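Top to bottom, those sequences are chains L and P. Residue 255 in numbering that gives the first Met the number 0 is what sits at position 256 of the first sequence, and the numbering runs on without skipping anything. Residue 223 in numbering that gives the first Met the number 0 is what sits at position 224 of the second sequence, and the numbering runs on without skipping anything.
The hints are simulated quantities; they were obtained by calculation from the structure and are not laboratory data. Predicted, not measured: the structure shown is a model, and the values here were computed from it. Note that the Cβ used here is the ideal one computed from N, Cα and C, for glycine as well. Don't take each hint at face value.
Unchecked claim - Simulated restraints on C-beta separations:
{"id": "1", "chain 1": "L", "residue 1": "Leu18", "chain 2": "P", "residue 2": "Arg130", "range": "55 to 63 Å"}
{"id": "2", "chain 1": "P", "residue 1": "Glu117", "chain 2": "L", "residue 2": "Leu18", "range": "35 to 43 Å"}
{"id": "3", "chain 1": "P", "residue 1": "Glu117", "chain 2": "L", "residue 2": "Gly120", "range": "31 to 39 Å"}
{"id": "4", "chain 1": "P", "residue 1": "Glu117", "chain 2": "L", "residue 2": "Val21", "range": "54 to 62 Å"}
{"id": "5", "chain 1": "P", "residue 1": "Arg226", "chain 2": "L", "residue 2": "Thr5", "range": "44 to 52 Å"}
{"id": "6", "chain 1": "L", "residue 1": "Gly81", "chain 2": "P", "residue 2": "Lys116", "range": "20 to 28 Å"}
{"id": "7", "chain 1": "P", "residue 1": "Arg226", "chain 2": "L", "residue 2": "Lys173", "range": "28 to 36 Å"}
{"id": "8", "chain 1": "L", "residue 1": "Arg178", "chain 2": "P", "residue 2": "Arg130", "range": "23 to 31 Å"}
{"id": "9", "chain 1": "P", "residue 1": "Phe18", "chain 2": "L", "residue 2": "Ala265", "range": "26 to 34 Å"}
{"id": "10", "chain 1": "L", "residue 1": "Phe214", "chain 2": "P", "residue 2": "Pro59", "range": "31 to 39 Å"}
{"id": "11", "chain 1": "P", "residue 1": "Glu64", "chain 2": "L", "residue 2": "Val20", "range": "39 to 47 Å"}
{"id": "12", "chain 1": "P", "residue 1": "Ile58", "chain 2": "L", "residue 2": "Val104", "range": "23 to 31 Å"}
{"id": "13", "chain 1": "P", "residue 1": "Asp140", "chain 2": "L", "residue 2": "Cys16", "range": "29 to 37 Å"}
Unchecked claim - If you want the footprint, here are the derived chain L segments under chain P, 3+ residues with CB under 8 Å:
{"id": "14", "region": "93 to 103"}
{"id": "15", "region": "240 to 247"}
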Amino acid sequence: MSSRTTEKAAFLIMALCALLVVLPVIGIVAYVVAKGAPAISWEFVSAMPKRGMKAGGIFPAIWGTTLLVVGTAVFSVPLGIGAAVYLSEYAPDNRLTKIIRMAIVNLAGIPSVVYGLFGLGLFVVFLGFGTSLLAGSLTLAVLVLPVIITTAEEAIRAVPQDYRYASLALGATKWQTVRYQVLPHGLPGTLTGVVLALGRAAGETAPILFTAAAFFLPRLPTSPFDQVMALPYHLFVIATQVPKMPESLQYGTALVLLALVVIAYAAATAIRMRLRRR
Amino acid sequence: MDQRIEVRIVGVSLYYGKFLALRHIDLDVPANQITAIIGPSGSGKSSLLRTINRMNEVIPGSRLEGQVLVSGQSIYAQNVDVVEVRRKVGMVFQRPNPFPQSIYDNVAYGPRIHGIKEKRALDDIVERSLRRSALWDEAKDKLRKSALALSGGQQQRVCIARALAVDPQVLLMDEPASALDPIATLKIEDLMRELRQAYTVVVVTHNMQQAARVSDWTAVLMPALDRAGELIEFDKTAKIFTNPSDKRTEDYITGRLG
């Protein structure tokens, strides 16, 4: 084969690989939309479940997932960005820093069900939060921390060194330099990481299984110590635990979860574009 | 010499880890004059410049022996605040590095971090600084536009205005025109001559013609055999370029060295 032909063949194969990556995404979305769309109605997203969840809406699960994601953000975003700033701007290159980095990498590799057990042990039992919104949020926060720290650190490191030098040379302290140059210019990238992480938190089932989620609640939670319903857990329950569940409700629930995450990504992208344009 | 000395470098040696970058430099920089630091690549010109505002300290593992005095005060003494030093000794970098913000916010950055909040006061400082950096007429109608939309030469003048806005006594310039075209370069050089009235200017340049055109005094650095930079000659620029005392200076400026 001539080198031109080889080139063409290689190019074709790689293009196919790239296309193959897109296929499952389109497939999953199309399938969920096709099967779930008939279930979607105003009542479905705004009402309480009825008749053993076989009818009515899934509003408590939507609300619960929203609260869990907000709770996760409250705990994980400040902690994650703080750690990222420390690691990229302040941390000396020593053994302690290496241990911290190793811990972050390992944290990312732990299966999510293990986080669930950890959350059960620490937050639910030991700290006495009970199965609650608070315990679930904290567990999910620990789960997404590595993602937030890693992406935030990358975004912060990508801020050109020139800005730091210019700021320091004007007599800014290190903290002022971080506060007014490094963080604002690292923000778009950091935001991407945060939203990816929270999207993941929204869809996780195992970590909330033991720490937050309830099978069915007749009313909405009123305190952080209340249990909550959540979309992924609700989906798991209606797909496996409730006999003769209408299929469209299951796919409808999946579609709502998918839509929530997509809306969050879209919002983040829009904010990022605005920040970049400034 | 009846010249007032603004910056006094006394027996300064600078290490990066184990590597000796500068060996025992003594240099008296006269006030309200332009002092050029020239020398071949790797002779430690920029390192020497950075010892005057302690920017050498941002490089991990750097260590300095000796003393640097600015207006008679030792800037490396125990009780000296590095923030105060850098406020007194401004710096302009090789590559124009305005923040990706508006021209106004660039120039107002220094005064703001030093606690000036009043809009009127900031407006005044921004206008005065841009006038001093000869950018006011070009920039006054687009102060709120991004500094990155300007040409390279204009960006460098934003950086100069930004440095002047904190009212330094000394202005350090690290090859300020090396990334600019010839016309922008000449503008920066004109500007340097103006700035000399109010500031003591120290400029690193690898461009011999520039040193000869613009500076009053010239310091020549040369790497020794162990690559440590040494000051081999310091004199009036006219003397350095017409009748240098050191053979190596002559070789360097006539292009036989470096």
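Right, here's what the structure says about each hint:
no.	hint	verdict
1	L:Leu18 <-> P:Arg130: 55 to 63 Å	holds, 59 Å
2	P:Glu117 <-> L:Leu18: 35 to 43 Å	violated, 60 Å
3	P:Glu117 <-> L:Gly120: 31 to 39 Å	violated, 55 Å
4	P:Glu117 <-> L:Val21: 54 to 62 Å	holds, 56 Å
5	P:Arg226 <-> L:Thr5: 44 to 52 Å	holds, 48 Å
6	L:Gly81 <-> P:Lys116: 20 to 28 Å	holds, 27 Å
7	P:Arg226 <-> L:Lys173: 28 to 36 Å	holds, 31 Å
8	L:Arg178 <-> P:Arg130: 23 to 31 Å	holds, 30 Å
9	P:Phe18 <-> L:Ala265: 26 to 34 Å	violated, 52 Å
10	L:Phe214 <-> P:Pro59: 31 to 39 Å	violated, 56 Å
11	P:Glu64 <-> L:Val20: 39 to 47 Å	violated, 58 Å
12	P:Ile58 <-> L:Val104: 23 to 31 Å	holds, 28 Å
13	P:Asp140 <-> L:Cys16: 29 to 37 Å	violated, 52 Å
14	93 to 103	violated (count 0)
15	240 to 247	violated (count 0)
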